[in-house]
Each structure stands twice: as C-alpha cells, then as structure tokens.
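Could you put the whole structure together from the sequences, leaning on the hints where they help?
Residue-level listing of the chains:
Protein chains: 2
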Amino acid sequence: MNHAVPDGILTPAIMIDVDVLDRNIQRMASSMLSRGLRLRPHVKTHKTLEIAAKQLAAGAVGLTVATIGEAEVFAAGGATDIFIAYPLWVEAHHAERLRKLASTCAITVGTDSAESATAMGRQLGADARSIDVLIEVDSGHHRSGVLPGEVVDVARAAAASGLNIAGVFTFPGHSYKPGMPRDAAGNENDALGRASAALERAGFEVRTISGGSTPTALLDAETLATELRPGVYVFGDAQQLELERCTWDDIALTVAATVVSRHESDGGNIRRVVVDAGSKILGSDRPDWATGYGRLPEYREARITALSEHHATVVWPDSEELPALGTRLRLIPNHVCLAMNLVDEVTVVREGAVVDTWRVAARGRNN
Amino acid sequence: MNHAVPDGILTPAIMIDVDVLDRNIQRMASSMLSRGLRLRPHVKTHKTLEIAAKQLAAGAVGLTVATIGEAEVFAAGGATDIFIAYPLWVEAHHAERLRKLASTCAITVGTDSAESATAMGRQLGADARSIDVLIEVDSGHHRSGVLPGEVVDVARAAAASGLNIAGVFTFPGHSYKPGMPRDAAGNENDALGRASAALERAGFEVRTISGGSTPTALLDAETLATELRPGVYVFGDAQQLELERCTWDDIALTVAATVVSRHESDGGNIRRVVVDAGSKILGSDRPDWATGYGRLPEYREARITALSEHHATVVWPDSEELPALGTRLRLIPNHVCLAMNLVDEVTVVREGAVVDTWRVAARGRNN
Chain D
1 MNHAVPDGIL TPAIMIDVDV LDRNIQRMAS SMLSRGLRLR PHVKTHKTLE IAAKQLAAGA
61 VGLTVATIGE AEVFAAGGAT DIFIAYPLWV EAHHAERLRK LASTCAITVG TDSAESATAM
121 GRQLGADARS IDVLIEVDSG HHRSGVLPGE VVDVARAAAA SGLNIAGVFT FPGHSYKPGM
181 PRDAAGNEND ALGRASAALE RAGFEVRTIS GGSTPTALLD AETLATELRP GVYVFGDAQQ
241 LELERCTWDD IALTVAATVV SRHESDGGNI RRVVVDAGSK ILGSDRPDWA TGYGRLPEYR
301 EARITALSEH HATVVWPDSE ELPALGTRLR LIPNHVCLAM NLVDEVTVVR EGAVVDTWRV
361 AARGRNN
Chain W
1 MNHAVPDGIL TPAIMIDVDV LDRNIQRMAS SMLSRGLRLR PHVKTHKTLE IAAKQLAAGA
61 VGLTVATIGE AEVFAAGGAT DIFIAYPLWV EAHHAERLRK LASTCAITVG TDSAESATAM
121 GRQLGADARS IDVLIEVDSG HHRSGVLPGE VVDVARAAAA SGLNIAGVFT FPGHSYKPGM
181 PRDAAGNEND ALGRASAALE RAGFEVRTIS GGSTPTALLD AETLATELRP GVYVFGDAQQ
241 LELERCTWDD IALTVAATVV SRHESDGGNI RRVVVDAGSK ILGSDRPDWA TGYGRLPEYR
301 EARITALSEH HATVVWPDSE ELPALGTRLR LIPNHVCLAM NLVDEVTVVR EGAVVDTWRV
361 AARGRNN
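Protein chains in written order, with UniProt numbering: chain D, 1 to 367; chain W, 1 to 367.
Label pairs and their computed distance ranges (CB to CB):
1) W/P317 to D/G78: 42 to 50 Å
2) D/D356 to W/R23: 43 to 51 Å
3) D/E321 to W/G125: 25 to 33 Å
4) W/E222 to D/P6: 46 to 54 Å
5) W/P6 to D/E301: 51 to 59 Å
6) W/D153 to D/D356: 43 to 51 Å
7) D/S265 to W/G77: 36 to 44 Å
Hint data in this document are derived by calculation from the structure and do not stem from the laboratory. Bear in mind that the values here come from a model prediction, so they are computed numbers and not experimental data. The C-beta atom is built at its ideal place from N, Cα and C for all residues, glycine as well.
Right, here's the structure in full:
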C-alpha cells in the first residue's frame, strides 16, 4: 500500500508539498542574490497569494503576471510592484483598469510594436506617465517580440506617447527542448545585450533588462540581465524533470489519483492501469520530446501513454507488480501552470499530512 | 475589419452561436429518433444547464456525465435520469453521494471489474438496489473496459453485491483518428453485440446497450446499440472538422481573440500574428494528425502552429494580407470539452449580437 497520498484527500486533487516549495523558493532567491540579479517571479504558474507572499518574503523585488486580470488579483492581495509581461493591445477598458492598478501599485507593461505603444499611450492619455514600459525582444522563440535592431523605433513611439521606457525583456521559450537550455540562454543574453545597447545608444536610460525562464534562470552565470522572471521553479514538473532542469526531489506539486481500472497483459491487452486524473486536472501539454503526459514519482519507469478528460492510461513497468484497484498514486503533470489553472483550490501537505488549503485566487483570469 | 466578434466582448472569451447549437442538437436528436435509438448526450462537453435543457427538450432520454460532481450539478438543475459513464472505485464518501443522488434521480454507473462492483455494492449496502450498473466493454480504445468475453464475471459479482445489471456500454475512443470512425464504429458494434449476447446467455436481462461517440454516432446505421452518448456534436470543434465529422457551418463554439503582435516575414522571421488566446482558454489537446492547435473559420488556410498559455501563434497564408494589430478573430479549439472547462461563463450570440450569458455550472467538477 502506497501512503504518499494522505487519507481524506478526495482524488483527483492537487497537492503541494510545502517544504519542497519553500526550498525551491529559497534556492532560486539565493542564486539570484549571489549573482546580483533581481528576481521577479512569474506568478501565472501558481496564481496563489500564499505562494507569491513566500516569494516576496524571500527577496523577490516584485511579481510578473500575464494578464491585467492576474495583476488585479495580486494587487488586491497586497503586491506593490507588478510587471504584465505581455504585449497588450490596449483599448479603453484596458486603460481604465491599468489606471486603477497604477494608483496602488508600480505597473510595468510589455509592448512589441510602435503601433501598440502608440495605442496604449493614446488610451491612457495623461496617465501614460504613470506606466513603465519594457520592449519585448525576440531572442529565438519567434512568438512575440521585435528583433534587437527594432527596439529603438518602438521606444521612440512609446516615449512620444508619454510612456516611460524602462528597458527591454525577452522570453527564451525555445529553451523548452532537450539540449536547448544552454543555447537558448546564450541567445537570450545576446538579444538582451544588443537591444539594451541599441536603446542606450539612442539616448534612452535602460533601468531594466529582464530575462526568462526556469530552464535558463540558473544557467546565466554571466548574464547581462538585471532581473529574471522564472515561474515553474516553485513546483517543478515533468517537463523540467525530462529537461534535467529539476530533480525528483524538487517536485513540489503532484496530482493525487486513484486506480479505477487495471489490466494484466493476458488477452493481448496492454498491461496498464487507468487512474481518475485526466486532462481536466493534469492539462494536456505534451511536447514531442516528452516521454508521456506526466510522470509518477514512486514509479519512475511507468509512463502515461494516453490521456482523456478523466482517465490517464499508465503503462506499468514489467518489473513491477500492477497496483490494486483503489490504490492512490501521485502523478507529476507535464506543465504545472496548466494544472493549477484547472482547480479552485489546492491541498497543502507537509511530511505526508494535510496542513492547509490554498485558493487559486487568479484561476481563469484570462483577460 | 472583421465583425465576426461583436463589440463589447472582452477577449479572450468563448462565444456560442445559439442558432448553430440548436441546429446541431436537433440534427442529432432527429437522427436518433429516426433510427429508434435513445440519445443520452454526454454533458461533460458543455457542463451547462441551459444546453442540457435544450438536449432534453429535443428528446434526449437522460444525460451522461463523467463524475459524481457533474451528476450533482445536473441533478440539482432538474435532471431526473443520469448515467455516470465511468468505472468508479467507490469509497464511503462516494457511496454517500450516490445515495443522495439516487433519492431524486435515476442513477446508472459504470463498472469494469468484479472487484470494483463488489466494492461498490459493499459501500452502498442495502441501497445498492437503487443503482443501475452498465458494464464497460473495451471495443478497441484500450483504456478502461473488459473484453466482451469477461462481462459475465463482472455482472455476477455486481448482482451478488445487490446492484441491478442494466446492460453494457463502451466508448470507441479510437474513432478519433483520420480514417478510423467507420472501423471504430464496426468494432463498437461488434463488442457491444458480443458482450450483450454473453450477458443474455448467462441469464441477465439486457435493457441498455450504450455506445459512444460523436465521430461514430451518425455512422451506425445498423447499430446494435439501444442508446448513444455523443457529446461534442453540440458545438463541433477543429478535431471533428479535420476528421470530417462536422462542417464549418456546424461550428457553434469559437474563441474570440485579439491580434496583439504581428510579424511580416522580412528579417528572416516567420510571417505570423500572435493572438491573446492560448492554452488557458483553447486547451492544448493536439493529436499527432491535427494540422495545428485549432482553426480559424474566417481564414481557413491559417494554422495555429504554437500555443503558449496566453499566446497562439498563427502562421498566416501568403495569399492573405496580415491582419492589423487589434483585429478581432475567431478561433476554433481542437477539443471543445477542454475549452468549456477553462471558463466560468460563455457569451451567447445570435446573428452576430450578444443575447445571453450562460454559466459553466459544472466547470472543474473533477470528482
């Protein structure tokens, strides 16, 4: 019998091991401090006030969010310095909300075009001066962001609209691939260096050079960034495990699940169990290099080969006995940010006992 | 300027075209009626009381759900006949909830092993007789379910525990692959036929033979099933489009999104726009045969080549002008069941105007 899931937890459920969480938060904070870097963690990962409070207590200078809605939740929860790391297209209602946020909180937003910056300035009017702007640079992920040589045009348009230019940011999302974190960290550094130099040559003061990501944050020994925005590091997940960016011991978030169906291999069937946690709690991110839809910390050779909304099919290692029906297992999602966004609350455990429940306060705040 | 997204909708948001929804509901209901089949739609797709009411008004005999929590929401909303199509492992708290449900509603549950059936009977005690059971058969999806030859053992255990054996069910999930719907429908029919015949030979009365799925529901001209449980047909989605199980005109659910970043192909970049709808509203299901992470009804050659939590990267067809920043676009998710579970409410539109808001009442009811 596996006692990794405390009695009283109804499966499926997200469990956070608070000791592991605290250790992850401290480790990242110490690494940043020792390198003279500011830490501004991305809280879209957890969307939880209690965890943001721990990050700030450990020395984070502020928070990073993805949406105005997330910013509103964390500002209401007491945050005083928030970066919305997203190239917002600002309409009247966005401007109204940004104004309200800026009245209680230092607000920085992203932009990646002269047109977006101009639209934002126009909508904010005289209040534009209360908002800092970081210009997004594409360091190789090829999502949003301008090329380093294009930042000056964007900065000039933003400045002409009355916004404060604070510097540049990038997200090296191409780091999420085996063998890529080190190269992506190099690209990130190069793009941030070229973009910030271009801004300075054009006469802008560059106060902030902001970089990504959990896969690269601990690699940048010689980074040009002044602050980093990792998110996933608080929990770890199966992607980070398989990218060798965290260890099994760093996994703070697991999904408690129950074996509801089991199938020995006789009759031509695949030897497997089915558990009651599917894509509606694990999320269904599966990059092509992943070995499955998540991992099992207690059964490291098992693989989640298929995922439905409420079923995970776990192919069991031949060397291990198939678990009995009703056995409670723990699963590690591929991508914790999606899992957290699927539940209203999480169960907090310490040394195998339930100690608290936290609300996922910013769940679903997509705009 | 594209007016497919009504003014006043804050993006990203899920929009339901109620005329298309009504037509989809009627078409499936008519097809079932004309073939003498009972329709018991799977409401995990929409989790919404208003849509379930439409399905029942169109002649559905009852509802299918995936979890006890979903059953509780729909029973509280007035449903009187619910099938929990899931191989539940019943513990004391599940039994208590099933008892309460059965006091107001006809309740059927799934089981796929003698042990699960025995556990359920033991937990329910004398109330076992108030619960109908359908035995799950594996018709080729190789998830849960027993082989057709094994149903009698499960039925005997369930009957010995005091449960009522109502028949058999299957989900031909291997139908979700190009070229597979017709073969999977054949497998489904074969497995249901063999399983129900075995039960009858063993002296059980088979009242219900229950089959899947949106890809197969309209194919089973000669089905042996007495009832079918399609879910996705109410909305359609990009998977069903690419499987040719629905047309563009059948798409009732789209995600309204705004272009926040645009990139012409000069400078070696990919010609693309980025919109503000990512995996936290579209869901990230992407089978290996899909052409992307969703489709755009107004730009059928465009492809969503990458998805982050709040960004979809849309590679734009060379033949079309790249849309301006701030343009509002509609996206069709790959899998509507995941998209609906990511929002608290949906915007109902008719002929391009907002007419209502519906609450996704059973969102997140994972257990």
